Every structure is written in C-alpha cells, then in structure tokens.
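Number of protein chains: 4
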Amino acid sequence: MMVVMKESATLADVEAVIERVEMGGASAHVSRGELVTVIGVIGDREHVGSIELEGARTVVEVDGRRIGGPHFTTIAGPCTVESREVMLETARTVRDAGAGLLRGGAYKPRTSPYSFQGLGEAGLRLLQEAKDETGLPIVTELMDVRDLDAVLEVADVIQLGARNMQNYTLLTEVGRTGRPVLLKRGLSSTLDELLMSAEYVLKEGNEQVMLCERGIRTFETGYRFTLDLMAIPVLKELSHLPVVVDPSHAAGRRDLVLPMSLAAAAAGADGVMVETHPAPEEAICDGPQALRAEDFSDYMRRLEQAAALAGKELQPVA
Amino acid sequence: MMVVMKESATLADVEAVIERVEMGGASAHVSRGELVTVIGVIGDREHVGSIELEGARTVVEVDGRRIGGPHFTTIAGPCTVESREVMLETARTVRDAGAGLLRGGAYKPRTSPYSFQGLGEAGLRLLQEAKDETGLPIVTELMDVRDLDAVLEVADVIQLGARNMQNYTLLTEVGRTGRPVLLKRGLSSTLDELLMSAEYVLKEGNEQVMLCERGIRTFETGYRFTLDLMAIPVLKELSHLPVVVDPSHAAGRRDLVLPMSLAAAAAGADGVMVETHPAPEEAICDGPQALRAEDFSDYMRRLEQAAALAGKELQPVA
Amino acid sequence: MMVVMKESATLADVEAVIERVEMGGASAHVSRGELVTVIGVIGDREHVGSIELEGARTVVEVDGRRIGGPHFTTIAGPCTVESREVMLETARTVRDAGAGLLRGGAYKPRTSPYSFQGLGEAGLRLLQEAKDETGLPIVTELMDVRDLDAVLEVADVIQLGARNMQNYTLLTEVGRTGRPVLLKRGLSSTLDELLMSAEYVLKEGNEQVMLCERGIRTFETGYRFTLDLMAIPVLKELSHLPVVVDPSHAAGRRDLVLPMSLAAAAAGADGVMVETHPAPEEAICDGPQALRAEDFSDYMRRLEQAAALAGKELQPVA
Amino acid sequence: MMVVMKESATLADVEAVIERVEMGGASAHVSRGELVTVIGVIGDREHVGSIELEGARTVVEVDGRRIGGPHFTTIAGPCTVESREVMLETARTVRDAGAGLLRGGAYKPRTSPYSFQGLGEAGLRLLQEAKDETGLPIVTELMDVRDLDAVLEVADVIQLGARNMQNYTLLTEVGRTGRPVLLKRGLSSTLDELLMSAEYVLKEGNEQVMLCERGIRTFETGYRFTLDLMAIPVLKELSHLPVVVDPSHAAGRRDLVLPMSLAAAAAGADGVMVETHPAPEEAICDGPQALRAEDFSDYMRRLEQAAALAGKELQPVA
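Protein chains in written order, with our numbering: chain A, 1 to 318; chain B, 319 to 636; chain C, 637 to 954; chain D, 955 to 1272.
Calculated from the structure, these hints are not laboratory results.
Please read all numbers here as calculations on a predicted model, not as lab measurements.
Note that CB positions come from ideal geometry on N, CA and C, so glycine has one too.
The following label-pair restraints were derived from C-beta to C-beta distances:
#1 B/Ser615 x A/Glu281: 42 to 50 Å
#2 C/Thr857 x B/Glu439: 32 to 40 Å
#3 B/Asp331 x D/Tyr1068: 13 to 21 Å
#4 A/Ser112 x B/Gly605: 45 to 53 Å
#5 D/Gly1018 x B/Gly540: 45 to 53 Å
Some chain D residues judged to face chain C by a derived CB distance under 10 Å, without partners named:
#6 Thr1144
#7 Thr1175
#8 Leu1181
#9 Met1184
#10 Pro1187
#11 Leu1192
#12 Leu1212
#13 Pro1213
#14 Leu1216
#15 Ala1217
#16 Ala1219
#17 Ala1221
Only chain A is shown next, with the shape it has when bound in the complex (with noise of 0.2 Å):
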C-alpha cells in the first residue's frame, strides 16, 4: 500500500502515520519528494489491509451527494445529450427512481471523424436546464482544455473519457479547477496506470477523484469489452478514493446491464454508471446499451439488494 501525504502534511502527520503502520504490525517506508512525501507500508497483505489511516477513504461530495464510504450511487443518463425533450424526460425517469446523478455528453469522442461529435455547447445548455428543473448535479466529458470554462458553467463532475485517461494536459488542468472528477481507465491501462493519472488531478490540490472501471480490451470477441470487477477491491486496496463501474459501455448490450450491475455493486463499487433512454431505438448513439425508461426504477430497486450485501446505502432522494 502506498500513502500519499498531502502537500499540507506537516511532519507530525507524516509521524502520526508512521506509528499507526507501525502498530498494525507493518513497516512504513517513507519517501520524502520535492512535491509530496509518499510512504510505503510493507508488511502482510492481509495485516496492511486492517490498519485503519485516518480519513483513509476518500468520500467525494457532489451537490449533497456523497460518492464513496458507505454509500452507493447510481449515475444515469443518455449516452449523448441529443435533443430538448428526451434530455428533460429521460432526467426525469432518473430522478424519479432516486438516482444521485445526471450524466450526458455534450462533447463525444468519437472514433470517426465522420461521426456525430456531440451537440457541443447546445448540449450543455440541455443539460444545464434538466439540471434546473430536476435538481440533479451533473457529470458530462470534457475532451478540449478549450472547453475548459463552458463545461465549468454546467458540470458539478467532470468526466474524463478512457482515451483521455492520459492526457496529461487535461488531467493537469481539471485538477486545477478543484472540481470533482470522473477519471475512466484506458481500455488497456494497468490500473498502476490510472492511478497515475489520478497522481496528475490530486497532485494540483484537487481531491474529489472518483475512479471508474469500464471494461478493457482483451482477446474475448463476445462483447465490446471485458468489464473487470476484479478492478474494484483492488484498487480500493491500493488507493482511497471510490471506484465506480460503468457497464453499460463494457457491454454495449441492455441485457447485460442488470447482472453487471448487481456483481459491480456486490463486490463492494462505490456506484455505477449507465445509460437509460427513454426510446433507445431512436437514440443517436449506443442505443442497444442503454436501459429502458420503463424498466429503470426496478433496475434502481434491484441494484439496492445489491449494495446491501457489501454494506452500501442508497442515499434517500432529500
């Protein structure tokens, strides 16, 4: 395990951890940098996993939401913010079925240059008014530092895409904001690699970093992606911060939504991700994922059972 101290760490608190390391029966071995001091803690897996650091989980608070610890939540949306009205009423069925967050994309990343690249600033403005009316906060991508300012206006999180997940540019520039993030591993990223880059956002002061697993390139034909929730007690091992789970995108297939889900939330997600549309026949993009309007409240039912079994709360709708 590795801690990293705050920039603001004095030398009592580097101290402080030292002694709680030492006292679970572990070495601390610490390296003091220019910029951070990180320290080591060497010892049996199982006896490090059982000493408690202080604050050690980091829980990211979004609009009254609380993402990480012993809650759970459900961020849901379309794929891409396309038009006025299912924007406003696919919001609606998410809020309604008590889930935490809106997401949608105004900025798409999209493989072909020739493909829809997202309603741009139009589409914040979208989500800027289903923000309005249902209360929820959002979470849309940002793909241009230019944007930088436009997407600021609307998101509460700003959600950097997998192809991004090492554009230090963007990483360095979104942790300066101090806004939260929503940083997605690579398709083919270590997750030593999206820990890394989580280093980038937290290194400028920003540390409401939530971590999301969304399927990685294997040899395996049958689907898009191959989602792997072993990904989440490690990385919750490894680091602080929460882990959330997008299996809408690993999949690209409804159907496998559900079972996804409750796994990501039975081995211990902070949250899930997925993408609901009120007629996904018709949506522009990623129809064949998203989950039926109609079935989304049952969805949000299940997936509580779910969170239970590893001890997480929904958080009641305030």
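Use these hints to put chains B, C and D onto chain A, whose structure you have.
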C-alpha cells in the same frame, strides 16, 4: 441462439421446437447434419431470450446435488490432495459449512516439470476416504486418458483443466463415460471455443457438462488472471449448460475470493469452486489463495445472500 | 480496400477510379458523404491488391527527404532532448551515418506526474540549433494544443504519440497546419482505429501523414510491448500512407533493436525511428534501449541491406 | 541466462561452465537438483550474451538436414494430408524448390467436433509414400499418446501443436522417444511457459527440440493471430534451442506469408514452416493461407536472401 437437438430427437421433437420459436416471434433455421440437428433461432435478442424451450436448462445431478436451474452450488476443498490429515480436516470443514461437493487434485498440471505433480493414485485413495467419511461427492481433475479408469473409481465429477480445454482426446473419452464433467475455460479461449469444446463431450451423448470461468489472460499484471464475469450471462444465453466460477485461481489472493464470489453469484452463476485449507501457510500449492478454514462458514453465509439476489438457493444439507 | 477521394475530386475523378477498379476485375461501391466520397473496392483480395490506382502511394516530402514509395528512411536521435552537448553530438552521429531525420522530445508524456516532463521550449531551441548545424529536419512530439505554435517553429514533422492517438483535438489542429505528421499507433489500438485517427488529420486537408507501429500491449511480459510487424503489409493494403516502425520503444532493450529493425525493413516498412545516444548509461530517459553512437553507422549499413530485400533504397546524403 | 546441464554432466563439466562464465565478467549461481543442475548466469545482459558456452547452440539433425546454428531450414507442405495426388504433387514441389522437410497433418486438432479431423493412419501412409518418393524427412503432428507408435513409424520430427503445448502427458512421452520435436507456442503462452514445456521433453533426455512461434492472441482483429517476431531473439537469448516461425497460421492469408517469412529470417530465425498447395482454392483446410505451388520456388529464393542477412545459409540439396 443455437439449439442442438439430442441424437434421439424425432422429427416431431424438432417441429415442436420450431413451433415454439415461431410463436415467440422469432424464426428458426434448421440444419440437419449426419450426427445432430441444429436449430438456429433468429430474431431480436430480447425476444429470443424470452422463448422458453422445454427442458432448456440442463440441471446436472451429482449424488442428489443439483447444479443449474434454481440451485446454487459450492464446490470446495484444497487445491491439491497433500496428506490424509489435511484432506479429511478440509472435507469436514466443507461439509459442516454446507458446501455441496468436495474438490481436490490428485494429478496436477504444472508449468514446470520440476514442480510437485500431485500424489496420483495415492491422492485418489485419500479422496475416496474423505468421501466415505463425509458423504460429499468428489470433483477431481483428469489429465491423462490412461488414468481414466482410476479416476472414474473415485470422481463423481471429472474436472478438465484450462490447459486441457482443447485436448480433444480427453474430451471425447470423458464424453463416452457419461460421468458429469466440469470443463474449465482455457486461459485465452473465447466463449465460442469453450462451447465447441463442450460439444466434444455432448456429442458422445454425455449431457452432464458444467462450464467454468476461471480467469483469462490479459495485459493487466495486477493479478494472475482477469476474471471475466460477463461470461456468466453470455454463456447462459448461448447455451443451456450450468456455469460455475472459480475465483481462487483468477485472483491468486485470498482477500479477493469473497468479493469475486459475491459478484459471480449476483451475476447469476450456478455455483462457485473455491479453495480452502486448514493452514494455508503450509499448503504445498496455492496457499495464498485458499480461504482459511475458520472463515469458510461465514463465506458460505455471505454467498447464500448473493445467490438469493439472482433468485437462486443453496441446497439444504439433506 | 477503401479509397477516400480528395474533397477537390470531381465527378470525373470518381468515375476514373471506378473504371480502373472494374477493369481490374473488381467492383466499386460508391458512398457520397457530405464531406468526402468513399469508394469501396470489392473483389478477390489478390486482384484488388494488384489494381494500380494513380498516385496510390503517398510519398511524404520533408525538406528534400522522401518517405514512402521506393524510399527507406531512418529517423534517429535521443529519446529526450536533455542537454546542448548531447543533442549536438547525437545530431552529428545521426547525420554522419546517413540517417534522414533527427528526432528528440522536448515535451515528454510520462505515466507519472513526478517523472521528468521534458525541457519544453528550451528543448525546442536545442533542436533548432542541431538542425542549423547538421541540416537534418526535425521530428518532435506535440502533446498540448497550446504548444502548437512553438512546435511549428522547429518541427519539420510533428509527432503524435501513442497516448494521443485518439486525442481528436490535437489530430484536428495538426491537420489544419498542413505540416507532415508522424502518427503513432496506440498501445491497444486496432489498425482500423489508427486509420480512423489518420482520417482526422487527412480530413483537414493534410495528406502528409506517416503511420507508426511501435508495439502493442499483450499478455507477454517478456518485453515491454509486442512489436506487431504484420501491421506493415496490412496497413499498406488498407491505406496509401507510409508506414514507419519504432523498434526501440517496443523492445525497451538495445540488443533487440537491430534484429527488429532488419525484420521491419524486410517486411516492407518505409522507415524506422530509433534512439541513439553517445552515453546511454547516462541518458535521462530510456537509455537501455538507445543504440550506442559508436554502433550507429554499422546499424545503418545492415539496415540498408534489409531495405534492399524489400526493394527499397536509403536516400543518398545530398 | 539459464544453463541446464545434461544429466550426464560431471562436476568438472559444471566447473568448466562456471569458469567460462566468470571469465566473461558475469557470475554463476549453481542449483543442484535431484535431476539436473541449473547454472544461472548473472550479470550485464550484453556481457552475458557474448559469453560463448561450448556447444551452446543445439543443432537438430534430421536425416542429414541441420536445423539451428548457421543453417536456415524450410519446412513446407499442405496443411492437412488430403489425397494421394495432392500429397505427392506437393512433395515434389517442395523438394524441387530445395526445401528441407515436408510437413502434412494426418491428425488435425479442430475447434469443432463436426469439422474434418484428418485422415488418421491413412494420412500417415500417404506421408510415407511421399517420403519414399522424394527423400524428404516428414514433420507431422501427434495429438493422442495412443497414436504414438503409428506416428513414430513415419515422422522424422514430431510436431506438438499450440493447443497441446501444455499437454504434459504428450510432452513426456515424446521426450522418451528421443525423436526430434517441433514444439509450437500456445496461443497465449509466455516465452517462459514455452521454455518450461520444452523442459518436459528435455528432462526425458531428448535434446532434439525446436521451438516454434506461430502467432499469439491479442486484441487485434485485423488478422487471425499476431506474429510475435521479437520472440526470436529473446528465445535465442534464453535458450540454446533452434527457433522456427510459422507465418501461415498467424496470418491466415497467403499475401502476408512472404513479408512475414522475410522478416522472420532477417530477425535471425533458424527456419520457417509454411503451407503450400497445388490448388489452394480446393484445399480442405486453410487454403487461403497456402502459398501457390507455382510461386514456391520464387518464395524460396527470396527467403535465401533474407536468411543471408542474418548470416544463415540454406542447405544445398545433397
């Protein structure tokens, strides 16, 4: 979806399936081969999934235990049979906690020829003793077709390991015995290949086949293998066979076995196969991934709750 | 095969291509989009491959050096620009051995935020000095769109790194400059995705694009990346762009650079990009993979023979 | 580097190796096991690589043909033995073009039990006939230990396929025969695992082992397998055994066989194994990857030039 008809199926049986498929709003495409008749079901995935084919789900019966359908089964024991004392003690732990079957390897496939290769026939005798004492049916691996008779004397379920998933000689011979088979997915085998290997057994008239996901090889070096839990719902869509998950070998670490077992059960697996040992530190083989005997009954209780989430019940000890 | 017509193509141009395709025994399927016209060539692979489309192969010109067609080009230099002395000494080695272009990174994408991130603009100035002295054109990486103007002042070829292969902002902006681009394949990007990323540059009217294979991520841990040399003939079949191979980063070891360079040249690559350093043991970055300066001219001689096998010639130093 | 001493090695032999290692500037770490003595050579890779251990390189001799050392060998023939006419015609093509050995499968490992499984013993008899007529030694695959005697009557080299790389039963039995072995790397086996499997054969006293790279499974779907040519120099560093490359199965396409063969030879392979057929369109199995008989002698001439690049010579037809 592909329906492979039994060799004993009559024309009327085939027509009955076709009628049911067409009533479900899908269309059927029949290929009559020399050996078997295969009915391809073509149509919208969601409709196809909801067509109930009579006896569609195979439920494997092993000495009164049922694997598949509404049942959730735990197969537990040491990685390798190492001594009379450890074997009997583990068998009692497994039985007392209510697990369904006892596992233990007498023949061990090892990467290096210089590693311990298992106790062989002496190991089989210890498995027999454990069975006599506890009444638990035995799951054990067969590696060499020349050991088939010896293994058949003890094994209630013959395990075919990941390295032998495409050992067609072994698949065919085991198919001929009619004995239930646990077929592990190869380290980098696709689901289609796993199903084709199962077909080698089924083709000999042996329908008692369980498929086992045990982790695949990917770029991630944070754990031994990447457990592919999306395989559970997808295998169940493509096939009528029960699906079991082995979280111990994928993780290689005890602390990941519980969360991954809960996730497997929540995703709809028909069972798990795990390792437990009275003194993992002294195990000859794979100790770090064995659950501690003293934790095993807690583990079973948690598992029961997760299986319930997916509508499955652990069988009461008769 | 897919032929993307220039935006300036007239109907007559499109018909000329169709005629040629049909004379070759294949058939053409034309899709006219808003932006471009794409002609799909359908038929037996071998016939399709032998249809000569006028100007089919792009030859990139950089300050008198030609990359593509019958030419074989070597791009060499230190991994990162680290000091005036090392930069100038390496530049002389590269020039004296007859290599075509000089590489060196001023901006370095690093997994960890705590690693050396490159000299930045000071590095660009050292590259300019090396170019002034040796006359070698410069290849250097751009990571942040805000550095574009500074990089354009020095770079004859703009390198886009593997991590930025799907940074669509960067691809588009670099496309607009018209400056030659070296586009590296992402660690786990398919060839189709690489070509789609190239399309982001081409679409802006910049046809000076070189594709670069630099190793992909696989399960094999024996080396850093697996160099995928089959990508050379396959990219050349799917596209008209030159293909360059970077064996240094894939191998991570000096002793593998020569055999992999010879293999790349024998397989028909249009060039290689390699690292060399006067004192690899003292290099700030990636020293173990840098060819020793004293071996570089031997390396070039061997490479020339391998390129000749595939019918390509190293350009004489003018 | 690891040196495994023969069982017949005396203490003086072991000391001679140690002395040579230490004279080379490296240090030796000796482990004496019950069965073999292994000497680990520790030191700077470049120094270690240049230590010349007497008889370090295994050269396999098959009926006057030498594989390994300064020799380059071509093994060619149809994928599967399908008829007397095709077999004999192909054998003549192979002999006339100067290839060293004739390949052909009588037993075929097939993913589906419903695919053609090879002619079996009738196929072996056709191989014998082809050998009688052309004098070419035969390479053919063994899948089932029960076919060993039949295969031994015809095979000069026993091929163990990718799916059987970890079939330890087969490895051990083939080791006992003393017959030369061509061991193919598994689809997702690491080089370490390949070497360990070779060790199963060597341990039985059979040192006539050739390693064969035939493509690994990766995320790339553009071709059947990714040919891993970096395996050539790395296997040669880790082991003294000859390394052969099979470009036909990796590519699955005729047009990639020549460039990949040239690349393999340029990278230092000791040989290639390729498929050729008089009428690929009519081949029962893998026709699209078979070289056309009429192109085969050109292919051999190009290959000779590439082998020369790496300092190897094709053997003259005696």
